[in-house]
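Since chain A is already given, all that's left is putting chain B on it; use the hints.
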Amino acid sequence: MSTLVEVRDLVKTYGEGDTATPVLKGLNLTLDTGELAALLGPSGSGKSTLLTILGTLMKPTSGQHLMLDQDLTSADDRELTEFRNRHIGFVFQFHHLLPDFTALENVIFPTAVKAGRETAAARARGRELLDRVGLGNRMEYLATQLSGGQKQRVAIARALMNQPELVLADEPTGNLDRESATQVMDLIGEINRQEETSFLISTHDERIAEICRRQIRVLDGSVG
Amino acid sequence: MLYGLKIATRYLTANKAQTGLLITGVAVGVFVFIFMSALIGGLAVFLVQRTVGDIAHVTMEAPSRDASALLPENSGLLIVRQRDTTQLELLRTADAFIPLIEATPGVSAVSPQIVGNGFLVRGQATAPVGVTGVQPDKVSAIANIGRNIRAGSTDLNSSNVLLGTSLAEDLGLRVGQVVRLRSANGLELPLVVGGLFELGLDALDSRSAFVSLSVARTLFDAPQGISRLEIKLDDLNQAENYARQLAADTGLEAKPWTEGNAQLLDGLRAQANSGNLIKGFALITIVIGVASALLLSTYRRRPEIGIMRAMGATQGFVIFVFVTQGTMIGLLGGLIGAGLGYAALSPFPLPEVAPQGGLPIDVRQGAYDLAITLTTIGAILASILPARAAARVDPVSVIGQ
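Sequence lines, in order, name chains A and B. Quick note: the first sequence, position 174, residue 174 per my numbering, numbers continuous. So my numbering is basically just the index in the second sequence, starting at one, shifted up by 1000.
Hints are computed from structural coordinates only; laboratory data are not their basis. Note that the structure is a prediction, hence the values are computed from the model and not measured. All C-beta atoms, glycine included, are put in the ideal place defined by N, C-alpha and C. Check each hint, because a few of them may be wrong.
Chain A is faced by these chain B residues, among others (derived, beta-carbon under 10 Å) [what the hints assert, rightly or not]:
#: 1; residue: LYS1006
#: 2; residue: ARG1010
#: 3; residue: PRO1303
#: 4; residue: GLU1304
#: 5; residue: GLY1306
#: 6; residue: MET1311
#: 7; residue: GLN1315
#: 8; residue: ILE1319
#: 9; residue: LEU1385
#: 10; residue: ALA1389
#: 11; residue: ASP1394
#: 12; residue: PRO1395
#: 13; residue: VAL1398
Cβ-Cβ distance ranges computed for the label pairs, FRET-style [unchecked claim]:
#: 14; chain 1: A; residue 1: ARG78; chain 2: B; residue 2: THR1013; range: 27 to 37 Å
#: 15; chain 1: B; residue 1: ASP1234; chain 2: A; residue 2: ARG78; range: 53 to 63 Å
#: 16; chain 1: A; residue 1: ASN175; chain 2: B; residue 2: ARG1300; range: 13 to 23 Å
#: 17; chain 1: A; residue 1: ALA115; chain 2: B; residue 2: SER1397; range: 26 to 36 Å
#: 18; chain 1: B; residue 1: THR1009; chain 2: A; residue 2: LYS59; range: 47 to 57 Å
#: 19; chain 1: A; residue 1: THR61; chain 2: B; residue 2: LEU1381; range: 37 to 47 Å
If we strip away everything but chain A, and leave its shape as in the complex, we get (with noise of 0.2 Å):
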């Protein structure tokens, strides 16, 4: 397995002098190819705050972003939205499907608007992943007329739709029943396995944590 992501001496302090708080200090972390992460630790530990520097939505105060061996560190805001859209997807614990939108449309998001257009291969896969998470009857169902589980799948489908190599989820299952919370693992699982795609999964959860074949806590700032 290669490495596909890499941090060295992750710093992140919010605000400036009296009310300079930091979050990260110094946390060093790597992850590699085909790997199903958690990513353990208590409120306030800084574990939202690592998700989001690695999904490039935020830089960090210093310290180094490797993935794929680019250096996120300096590149600007067009460089990363262009990288996360290629390279990242996104799974969060409120789903946050645009609700005007179907289930297809919403899967299709990234790679349409990417493209500046829906494609017929686009919309090829985006049937495909929505079949794969189960949802092949639900393609042309407004968000809002999906689930809480069902919308959660929708959401999977469409932080794969590119074919990232990462996947950061954010409590994929906080908001969902105990069986939803299984069909969702189940179904993470089973991507990480044939696919090989990368999986960093932050939650509370123990037994989420043990479904993973790794677990990282991160406590106080650092990776424990």
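Showing chain B alone in chain A's frame:
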């Protein structure tokens, strides 16, 4: 950017009631804009038609000639020269210019005239008149005598005269009666009253007499040449340009009608400025309405914008989506407002034929293209601020909400 267009369209159609209200607001603003354009434009046409419709748009005369001095300029004496107002300055070469002027595009009529002052004498009664000698076939070329004839006819021959109704009334004259016309040169002719006209302008109705060109030549002892050329144009607003051009082409003095009607022009300008002010306010209302609605939409869709950014939408894409919404609102509102404006204004008669006391609305002057263009541009400008605000949404701050 087809995909951005799709997103923008979906956002607009997702909330039909709000979008409908917004487009209605823009359409009402455009309607006001068009109504004001048609009203102000129509009023201008109406006023110009009523006030200068029966006068020449360009008048060409021989350059003024001063009496020659009997002593040389350097004689050491102060020389005062009195212009002889009774002596006619004649255009002796006008015949050569008339075909040229008649062939000029935009010129609708050319009337060669001999003019002078005289008196109408009937028994003991005398009335001063301005006498205009015209070619019989051009009696209605400038002042529309034919349309305003109240008795008799407009036929002019070597023994008749056309008078204004007020003048005829002052002298107790009717069609068919004889009156003596004495020129300032002292020559006098008996003429039959051939017709009575009423142009609605006191200066013409109470103090003017039209005779044939041959009668005028006799009265004013002008066997050759003419006093002036009166010209009518298709577009009287071009009078100054035509006057300049004709003066350059002929070497004669050419005066546009605007020279003698400065107050009317000032009034029309003030009226146009008032209309522009109201139209400007209508446009500002549209811009504020679109901007505030899109700002609200931006705020409401912050989580969606954040998620789009997280999924790879660039700031440019987000700006495009919101500016496209503004453009579509402006364009749709503009088209609907313009359509409604045209439909609502079409039943009004044109100012040229508007009845007394009616609204002089000119549906042709609705400035539809301008209204749609300005509204669309205004809506685009109005959407830039919300679009920039949308593009600045931090995905991190909204994803956790």
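Have a go at the B/LEU1385 hint: is there a Cβ in chain A nearer than 10 Å to its own Cβ?
-> 20 Å, violated
Hinted contact B/LYS1006 with chain A - closest CB pair below 10 Å | Constraint on B/LYS1006 satisfied, holds at 7 Å.
Is the distance from the Cβ of A/ALA115 to the Cβ of B/SER1397 consistent with 26 to 36 Å?
-> Holds: the Cβ-Cβ distance is about 28 Å, inside 26 to 36 Å.
With a cut-off of 10 Å on the beta carbons, see whether B/ALA1389 makes it to chain A.
-> Violated. Min distance 16 Å.
Hinted contact B/ILE1319 with chain A - closest CB pair below 10 Å | Nearest chain A Cβ about 13 Å off; hint violated.
With 10 Å as the cut and Cβ atoms as the points, is B/ASP1394 at the interface with chain A?
-> 8 Å, holds
Let me know if the C-beta of B/GLU1304 comes in closer than 10 Å to any C-beta of chain A, holds or violated.
-> 6 Å, holds
Report holds or violated for the interface hint on B/PRO1303, using the least CB-CB distance to chain A and a cut-off of 10 Å.
-> 7 Å, holds
Given the hint of 53 to 63 Å, check if B/ASP1234 and A/ARG78 actually sit that far apart at their C-beta atoms.
-> 58 Å, holds
With a cut-off of 10 Å, does the beta carbon of B/GLY1306 approach a beta carbon of chain A closely enough for the hint to hold?
-> 8 Å, holds
How about B/PRO1395: closest beta carbon in chain A under 10 Å, or not?
-> 5 Å, holds
Whether the CB-CB distance between B/THR1009 and A/LYS59 falls inside 47 to 57 Å = 34 Å, violated
Going through the hint list in order, the structure does not satisfy hints 8, 9, 10 and 18.
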